[in-house]
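**Q** Here's the letter readout for the chains.
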Amino acid sequence: MTDLLEKGAAASSDPADNVTVFVAPGVAGSLVSLKPRYENFIGGEWVSPVKGQYMDDVAPADGRVFCQVARSTKEDVELALDAAHAARRAWGETSLTGRAKVLNAIADVMEANLTMLAVAESWENGKPVRETLAADIPLAIDHFRYFAGATRSLEGRSTEIDHDTVAFHFHEPLGVVGQIIPFNFPLLMAAWKIAPALAAGNCTVVKPASPTPWSILKLAELLEGVVPPGVINVITGPGAEIGKALATSPRIAKIGFTGETTTGRLIMQYAAENLIPSTVELGGKSPNIFFADIMNADDEFLDKAIEGLVLYAFNKGEVCTAPSRALIQESIYDKFMERCLARIAQITQGNPLDTTTMIGPQVSSQQLDKIESYVTIGKDEGAKVLIGGETARMGGEFAGGYYFQPTVLKGNNKMRVFQEEIFGPVLAVTTFKDEAEALELANDTLYGLGAGVWTRDGNLAYRMGRGIQAGRVWTNCYHLYPAGAAFGGYKISGIGRENHAMMLEHYSQTKNLLVSYSTKPMGFF
Amino acid sequence: MTPRALEAIAHLVSDGGPVMFFQSGGCCDGSLPLCFRAGEFTIGEHDVLMGVVGESPFYIDHRQYEVWKVTRLTLDVVDGEPEGFSLPAGPGHHFVTRSRVCEVPSPS
Chain A
552 MTDLLEKGAA
562 ASSDPADNVT
572 VFVAPGVAGS
582 LVSLKPRYEN
592 FIGGEWVSPV
602 KGQYMDDVAP
612 ADGRVFCQVA
622 RSTKEDVELA
632 LDAAHAARRA
642 WGETSLTGRA
652 KVLNAIADVM
662 EANLTMLAVA
672 ESWENGKPVR
682 ETLAADIPLA
692 IDHFRYFAGA
702 TRSLEGRSTE
712 IDHDTVAFHF
722 HEPLGVVGQI
732 IPFNFPLLMA
742 AWKIAPALAA
752 GNCTVVKPAS
762 PTPWSILKLA
772 ELLEGVVPPG
782 VINVITGPGA
792 EIGKALATSP
802 RIAKIGFTGE
812 TTTGRLIMQY
822 AAENLIPSTV
832 ELGGKSPNIF
842 FADIMNADDE
852 FLDKAIEGLV
862 LYAFNKGEVC
872 TAPSRALIQE
882 SIYDKFMERC
892 LARIAQITQG
902 NPLDTTTMIG
912 PQVSSQQLDK
922 IESYVTIGKD
932 EGAKVLIGGE
942 TARMGGEFAG
952 GYYFQPTVLK
962 GNNKMRVFQE
972 EIFGPVLAVT
982 TFKDEAEALE
992 LANDTLYGLG
1002 AGVWTRDGNL
1012 AYRMGRGIQA
1022 GRVWTNCYHL
1032 YPAGAAFGGY
1042 KISGIGRENH
1052 AMMLEHYSQT
1062 KNLLVSYSTK
1072 PMGFF
Chain B
27 MTPRALEAIA
37 HLVSDGGPVM
47 FFQSGGCCDG
57 SLPLCFRAGE
67 FTIGEHDVLM
77 GVVGESPFYI
87 DHRQYEVWKV
97 TRLTLDVVDG
107 EPEGFSLPAG
117 PGHHFVTRSR
127 VCEVPSPS
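Protein chains in written order, with our numbering: chain A, 552 to 1076; chain B, 27 to 134.
Extracted from the complex, chain A is given alone in its bound form (with noise of 0.2 angstroms):
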């Protein structure tokens, strides 16, 4: 915290005790320039929207609209592709060096305006500004960096058949892709995206969410002169017109999407229309277990497994890998929570800007109101409420803004709320007995996104994370996001991994030269 400190200190700083208070943009002093109306960002130009119509975007911290996006069409669907298109041979043909290096410009026009990215991701999610800081913005610049090395030691692979045969295995880039971005996480997930797709030498059409499209655009301001003009192209609007544009196109090559689960299966079907690959990054209702063994000793371990289970409020919740079912071993239950929500209980809730803040805003109305209903349903169904259970009262130029208490639901695990995502910072907590309990009630979901394990004991923590139907275990940790990991679902939660340098294949097509150096004829004819 306190390098994140250093690195933003910026604004209305208060050394006495180390607040710092960013700026909102469109305020005299922020860090970050705003314009009434940003265009689409294609070909490496700003370009309105053919049919002229704009859309707000909204802050949630407040319920203010604060600018106005392009509302595209298809016609600016096209027009993408277009740019694309003119770009792809020249990128694809530019050599792994080539590539990395503008990746790694990438990477560093980002660090170099690192702060002024934390507060315009910051302020449009409503993500707090300490974590965006601390992890959006410092892992989205490492991915960059991180597929700029992955790129320069692809090799592709040559097998000697026989004497005078050999097949040689070359990575060739898939053309032009189209890349739907998800509102939890604009930037990370964006460079999740951009960067391998790029590495491998494609050139992509990436469509951000529809509440969350500037701050990819503040992004694409950045790379002006930096990426060649199409190799990057944005196009804000909403999914049922240009989502749904882009992933029907028989112009792209891949499409890649993070989301939720039904829209992962209509993007699948619209591949299937156009027999081109898809990566689905979909839903969650990861569990995290807690054993006894972790209250065996009160100490930094303890307490970070506390943390660990507090996590569920990381984000307000808007993660498809939150860990929002805590698993706690009976034994320990009553100890256990007791500390957990006293912890709970501490989390300052207000202006996303405030490094102070630990969470912010819901990102939109409509999240709110689901979360509301959610708590609803639980209730109904015999949940009983530890701790929040309601939307959260700001005062002042906050008092608009879409915020819910950090909440913690006791049940059992066949209830809704323990079954279903709910996308706020709403944990759905219950106790199991022994470890095959653990291993059932951790499996018994749809999802299979992420997981998370916490005991002192290594071989109880391997068999658990083997045992688990999940892409990600978080062992002894939770909610890291390293490049160089590998993320993707089992089950419903999608297919497909991101974050490590396997995209780089799912990014290319294989071709394969099978070269004869013998002047022997076959003898057939």
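Just so you know, not all the hints are guaranteed correct.
As the list claims (entries may be wrong) - Calculated cross-link-like contacts (lysine-lysine; reagent style DSSO-like; alpha-carbon spacing at most 27 angstroms): (1) A/961 with A/921; (2) A/795 with A/1042; (3) A/921 with A/935; (4) B/95 with A/652; (5) A/935 with A/886; (6) A/961 with A/930; (7) B/95 with A/961; (8) A/965 with B/95; (9) A/935 with A/961; (10) B/95 with A/930; (11) B/95 with A/935; (12) A/921 with A/965; (13) B/95 with A/1042.
Just so you know, the hints here were simulated from the structure itself, not pulled from any lab data. Note that this is a predicted model, so its numbers are computed, not measured.
Take the given structure of chain A and dock chain B to it, following the hints.
**A** Just chain B now, kept in the frame of chain A:
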């Protein structure tokens, strides 16, 4: 369903033809009922027809149905654009499903 939902469906149908609904599972789409033009979303062998709203079929994934069947659903319309690929319920509005816990699965 609410009169507001019926009215929104009637507008959608008169504007562009029949529509269908598929219940989403949470995450970014906020557990919203996703509204598509009829036939847009391919219904699989194992999807469950929960009911018909107006003349529009309302489907859910069979695995999700097992969890949802304890609740009575009401289709309604509220302010705000839908966040995924769903059609809006008229400009600036979206459909929602309101759930009430009940004993018998009986979608309305």
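**Q** Tell me if the straight-line CA distance from residue 935 of chain A to residue 886 of chain A falls inside 27 angstroms.
**A** 18 angstroms, holds
**Q** Check whether the Cα positions of residue 935 of chain A and residue 961 of chain A lie no farther apart than 27 angstroms.
**A** 5 angstroms, holds
**Q** Would the pair residue 795 of chain A and residue 1042 of chain A pass a check requiring their Cα atoms to be no farther apart than 27 angstroms?
**A** Holds, at roughly 25 angstroms.
**Q** Straight-line Cα separation of residue 95 of chain B and residue 935 of chain A no greater than 27 angstroms?
**A** Distance of about 21 angstroms is within 27 angstroms: holds.
**Q** Can the restraint linking residue 95 of chain B and residue 930 of chain A be considered satisfied, given a maximum Cα separation of 27 angstroms?
**A** 17 angstroms, holds
**Q** Compare the distance between the alpha carbons of residue 921 of chain A and residue 935 of chain A with 27 angstroms, and conclude whether the hinted pair is satisfied.
**A** It holds: about 19 angstroms lies between the C-alpha atoms, which stays within 27 angstroms.
**Q** Would you check the hint for residue 95 of chain B and residue 652 of chain A, treating anything up to 27 angstroms between C-alpha atoms as holding?
**A** Violated, at roughly 54 angstroms.
**Q** Could you grab the alpha-carbon distance between residue 95 of chain B and residue 1042 of chain A and see if it respects the 27 angstroms cut-off?
**A** 21 angstroms, holds
**Q** Given the hint that residue 965 of chain A pairs with residue 95 of chain B, does the C-alpha gap stay at or below 27 angstroms?
**A** 12 angstroms, holds
**Q** Holds or violated: are the alpha carbons of residue 961 of chain A and residue 930 of chain A at most 27 angstroms from each other?
**A** 10 angstroms, holds
**Q** Given the hinted pair residue 95 of chain B and residue 961 of chain A, is their Cα-Cα distance within 27 angstroms?
**A** Holds, at roughly 21 angstroms.
**Q** Hey, residue 961 of chain A versus residue 921 of chain A, does the alpha-carbon distance stay inside 27 angstroms?
**A** Distance ~19 angstroms between residue 961 of chain A and residue 921 of chain A Cα, so the pair holds.
Going through the hint list in order, the structure does not satisfy hint 4, though it satisfies all others.
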